[in-house]
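Engineer: On the provided structure of chain A, position chain B as indicated by the hints.
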Amino acid sequence: MQALQSVNEFVIKFANVNGTGSASANNLFAKAIFRMGLPVCPKNIFPSNIQGLPTWYEVRVSERGYLGRRGGVDIMLSVNPQSMPQDIQEVEPGGYFIYDNTKPLDLRLIRSDVNIFGIPLTRMCNEEYEDPRQRQLFRNVIYVGALAALLDMDFAVLTGLVEDQFKGKDKLILPNIHALELGYQYAQKHFECPIGIRVRTADKVGDNILLDGNTALGLGAIYGGATVAAWYPITPSTSVVDAFDRYAKRLRIDPGTGRKNYAILQAEDELAAIGMVVGASWNGARAFTATSGPGLSLMSEFLGLAYFAEIPTVLFDVQRAGPSTGMPTRTQQSDVLSAAYASHGDTKQVLLFPSTPKECFDFGALSFDLAERLQTPIILMTDLDLGMNDNMSPPLTWDDTRRYDRGKVLNAEQLEEMERYGRYLDVDGDGICYRTIPGTHPQKGAFFTRGTSRDEYAVYTEKGEEYEKNMHRLMAKWETIKEWVPRPLETTSEQPTDTAILFFGTSEESSMEARDYLAEDGVPLNAMRVRAFPFNDEVESFLARHERVFIIEQNRDAQLRTLLMAEFELGPDKLKSVLCFDGNPISARNIRKQILQQMPGYNVTPLRRERLVAGAENRS
Amino acid sequence: MSYQLPKFRHPDLPVNALGYTRAEYEGAISTLCAGCGHDSISGAIVRACHELALEPHKIAKLSGIGCSSKAPTYFLGKSHGFNSVHGRMPSVVSGANMANRDLLYLGVSGDGDTASIGMGQFAHAVRRNLNMVYIVMNNGCYGLTKGQDSATADAGSASKKGDPNPFSAIDLPGLALQLGATFVARSFSGDKGQLVPLIKAAISHRGFALIDVISPCVTFNNNPGSTKSYDFVREHAEATGTVDFVPMREEITASYAAGRTQDVTLHDGSVLHLEKLAPDLDPFDRVSAMVALQNHTALGQILTGLIYMDKDSRDLHDVMETSRRPLNSLVEEDLCPGDKVLANINASLR
Numbered sequence: 001m002q003a004l005q006s007v008n009e010f011v012i013k014f015a016n017v018n019g020t021g022s023a024s025a026n027n028l029f030a031k032a033i034f035r036m037g038l039p040v041c042p043k044n045i046f047p048s049n050i051q052g053l054p055t056w057y058e059v060r061v062s063e064r065g066y067l068g069r070r071g072g073v074d075i076m077l078s079v080n081p082q083s084m085p086q087d088i089q090e091v092e093p094g095g096y097f098i099y100d101n102t103k104p105l106d107l108r109l110i111r112s113d114v115n116i117f118g119i120p121l122t123r124m125c126n127e128e129y130e131d132p133r134q135r136q137l138f139r140n141v142i143y144v145g146a147l148a149a150l151l152d153m154d155f156a157v158l159t160g161l162v163e164d165q166f167k168g169k170d171k172l173i174l175p176n177i178h179a180l181e182l183g184y185q186y187a188q189k190h191f192e193c194p195i196g197i198r199v200r201t202a203d204k205v206g207d208n209i210l211l212d213g214n215t216a217l218g219l220g221a222i223y224g225g226a227t228v229a230a231w232y233p234i235t236p237s238t239s240v241v242d243a244f245d246r247y248a249k250r251l252r253i254d255p256g257t258g259r260k261n262y263a264i265l266q267a268e269d270e271l272a273a274i275g276m277v278v279g280a281s282w283n284g285a286r287a288f289t290a291t292s293g294p295g296l297s298l299m300s301e302f303l304g305l306a307y308f309a310e311i312p313t314v315l316f317d318v319q320r321a322g323p324s325t326g327m328p329t330r331t332q333q334s335d336v337l338s339a340a341y342a343s344h345g346d347t348k349q350v351l352l353f354p355s356t357p358k359e360c361f362d363f364g365a366l367s368f369d370l371a372e373r374l375q376t377p378i379i380l381m382t383d384l385d386l387g388m389n390d391n392m393s394p395p396l397t398w399d400d401t402r403r404y405d406r407g408k409v410l411n412a413e414q415l416e417e418m419e420r421y422g423r424y425l426d427v428d429g430d431g432i433c434y435r436t437i438p439g440t441h442p443q444k445g446a447f448f449t450r451g452t453s454r455d456e457y458a459v460y461t462e463k464g465e466e467y468e469k470n471m472h473r474l475m476a477k478w479e480t481i482k483e484w485v486p487r488p489l490e491t492t493s494e495q496p497t498d499t500a501i502l503f504f505g506t507s508e509e510s511s512m513e514a515r516d517y518l519a520e521d522g523v524p525l526n527a528m529r530v531r532a533f534p535f536n537d538e539v540e541s542f543l544a545r546h547e548r549v550f551i552i553e554q555n556r557d558a559q560l561r562t563l564l565m566a567e568f569e570l571g572p573d574k575l576k577s578v579l580c581f582d583g584n585p586i587s588a589r590n591i592r593k594q595i596l597q598q599m600p601g602y603n604v605t606p607l608r609r610e611r612l613v614a615g616a617e618n619r620s
Numbered sequence: 001m002s003y004q005l006p007k008f009r010h011p012d013l014p015v016n017a018l019g020y021t022r023a024e025y026e027g028a029i030s031t032l033c034a035g036c037g038h039d040s041i042s043g044a045i046v047r048a049c050h051e052l053a054l055e056p057h058k059i060a061k062l063s064g065i066g067c068s069s070k071a072p073t074y075f076l077g078k079s080h081g082f083n084s085v086h087g088r089m090p091s092v093v094s095g096a097n098m099a100n101r102d103l104l105y106l107g108v109s110g111d112g113d114t115a116s117i118g119m120g121q122f123a124h125a126v127r128r129n130l131n132m133v134y135i136v137m138n139n140g141c142y143g144l145t146k147g148q149d150s151a152t153a154d155a156g157s158a159s160k161k162g163d164p165n166p167f168s169a170i171d172l173p174g175l176a177l178q179l180g181a182t183f184v185a186r187s188f189s190g191d192k193g194q195l196v197p198l199i200k201a202a203i204s205h206r207g208f209a210l211i212d213v214i215s216p217c218v219t220f221n222n223n224p225g226s227t228k229s230y231d232f233v234r235e236h237a238e239a240t241g242t243v244d245f246v247p248m249r250e251e252i253t254a255s256y257a258a259g260r261t262q263d264v265t266l267h268d269g270s271v272l273h274l275e276k277l278a279p280d281l282d283p284f285d286r287v288s289a290m291v292a293l294q295n296h297t298a299l300g301q302i303l304t305g306l307i308y309m310d311k312d313s314r315d316l317h318d319v320m321e322t323s324r325r326p327l328n329s330l331v332e333e334d335l336c337p338g339d340k341v342l343a344n345i346n347a348s349l350r
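Top to bottom, those sequences are chains A and B. Per the working numbering, the very first residue in the first sequence carries number 1; after that it's consecutive. Per the working numbering, the very first residue in the second sequence carries number 1; after that it's consecutive.
Bound-form chain A, shown alone:
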């Protein structure tokens, strides 16, 4: 039988039962690879459950630096009998299946094209440990030890990590190292180590860090000067506020008084959470909330108020698979349209699309500057994949000379010199007016903030022409906003081409990897990563310059494509869709396949469209 051979390029997947402590052992494995100087991308695929259901952890190891999902599994490590039939099917021909053979493998599952390794993990634990919890926990550590032997990993890196991890709880160090050794020795004794896939120490990670996007966002809020966080718990956004809380306790305690230079309110629901953010921002504090799809739906009324009354508002949307409760622990980029046009009436909301933890940090902090500068909600769109998985990222940096951009806020002296203050008076001609913070001046600057129509002096009016004037000004402001939001990033093909890919957020890594494959296939592609809505002019000219643009995104309805067509009044012929919405991050192989299928000459009509046409005929 053929066995896959590879050094430093492979995908390994762990199949576990959730609630058994597997996450920290799997994380130990991924971090060891990272410390061996190899780019690594772990992805946690977990159920909406606390204990007892299947959970997976997929690790991409790539010396070449590909950090997205590749597709396919080279090594499957399965310790969950519940998912074994499915797990073994996923292995690539020539791949490896490592499993707990305390109970023998069902003969019907055996594949002749897969290398199978059995390690009696449960039996080893039962012999070694008395305590049931230890039996469960160390089982995971033992298989990491076995992998070290099978893949020829640097064992010292693993022991070093254990020592770091349990610093302060030193009596846990030796038992963990012992468990690693148990696995290592077993593999050495029973198998020919290493196998065809192995890891060799390299120097490919530079000064990168391994960090999840949600923690980066929480830190971004700390550095961006947020003082009020209001939220309602919802997966996968909860860890944003957890991180803010954790770092605030360390970094935001007033040294003189010991009191907190921040306030975190766990609201009764998402409506209240965004209401608190609007109230705090109206009153001059930097405030944010974090949520996911269902929360975004609930927040939409307040988002309309904040858009219309022009109140700085920061919202981090960590997207998950919808609609409704959908798949709460799986990833998608499917809130694009509902966020872009959130709330009733004519509204347009500013969206930011980070794609790395560093960008989560940078855009997270930037959100507060933009919200105050532009006096409108800033919705930062990340997703479960970026938010909850460790991602390799450039280190976080902060320019200590940077000052917060508080935007157009009048102080008491400026108000004093004013004849008459008009909250919605477009003095500068950029659509952005001057605001005042309550309590600034005894006689001047007070006005009534409202979601009803009003004139330039914030006085209630139902005059159609006043209302229309204000709505036009908001569109003028929209044009100004294009100059302030992050610009797209472009990559030009070495070979001239009229075909391009366009993507955002977490589709980046897989898209760029697919682009390399497609270049080898003879399909050179220019690429653009969109980083904000409204789309800057560069996006428009990029689309204009190409004959055919594949819009790659992780939802069913091609939401970014719809947004591009609507905003640029483009026809559907030019913009093609590459989609993935099964809840897993999109893979490079999947993108390559979908693009090839739609290239002229391949002559394959997408199935989806055929069905739709057939359906229409049936109805007529």
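If you're looking for bench data, these hints aren't it; they were derived computationally from the structure. There may be inaccurate statements among the hints.
Unchecked claim - Using 20 Å as the maximum straight-line C-alpha spacing, the simulated SDA-like pairs for lysine to any residue come out as follows: (1) A:Lys204 with B:Val331; (2) A:Lys249 with B:Gly338; (3) A:Lys249 with B:Val331.
For clarity, every value in this text was computed on a predicted model and none was experimentally measured.
Structural biologist: Okay, now just chain B, sitting in the frame of chain A:
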């Protein structure tokens, strides 16, 4: 109804400690129906703030949606106002209060805004003991949409449309007591003598202060058969006692009859002088207050006045141990830990 507020003021109008006349505390001319109870409440707010010599720009007035929520336009024209979305004023005040603990937050709401669409937010603002005055202009009906029954309409009460309300009423003071409110009062828009000192006491109270003010809707709910009409409320109101509010800077000059009286010093040094009429009520005992409310309801009476007050109330900032400096006044030096800290964080992530 007049269309313009006269600019003329008598030159000898009394000024308060800040040198302001009452006009400094007035707002735009009301567009509510002539005789609306809400306008009397606005007047009581103006009087209370003027007499307490509060700086108008240090007050924030916030509301939801409805006739009641329009009212903040008609008082305190020099204060910032926020007419938010229906039933969500408490969350906006919560955020605003977190941002700046030094302002006075005056929330104005209605019975629909509080007891129906905003019930959840009301309940949670109460239990967090958010430092604010929460005035419900309670008329038992939806005025702006032409008189539908609201959740505070008593069972059997009929509005102008004539159909008796079949559902039981939500009693906001009773609910607030159960939720842990630290200041609960009820009053009547037609009784400024009672309402003004109650508003003053609520302002001085540190924590959530509810005043449920029955405020008849002259257009849709002031007819015979309604339990929220002027006549019905006048006939059935039973005061817990009289309340006199003496601000910190003033001496107590009035002489009170000996007997069932009690002076209470509030956290800001003001004194509340209570003369009790209801013998069954101890307004500093939550259980007593709940019992008294239930007893009066059973007798078909409307208990008004100060119903309950926690003298040792700790507001949300106390509980959360937030900075004594308003959070909105903090700057980069207070907030941003700098690049060096970030370098350490990076190092821990390798």
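Engineer: None of the hints should be skipped; say for each whether it holds.
Structural biologist: Against the structure, the hints come out as follows:
1. A C-alpha spacing of about 40 Å is found between A:Lys204 and B:Val331, which places the hinted pair above 20 Å, so the restraint is violated.
2. Between the alpha carbons of A:Lys249 and B:Gly338 the distance comes to roughly 16 Å, so the proposed pair stays at or under 20 Å and holds.
3. Simply put, A:Lys249 and B:Val331 have alpha-carbon atoms about 18 Å apart, close enough for the 20 Å limit, and the pair holds.
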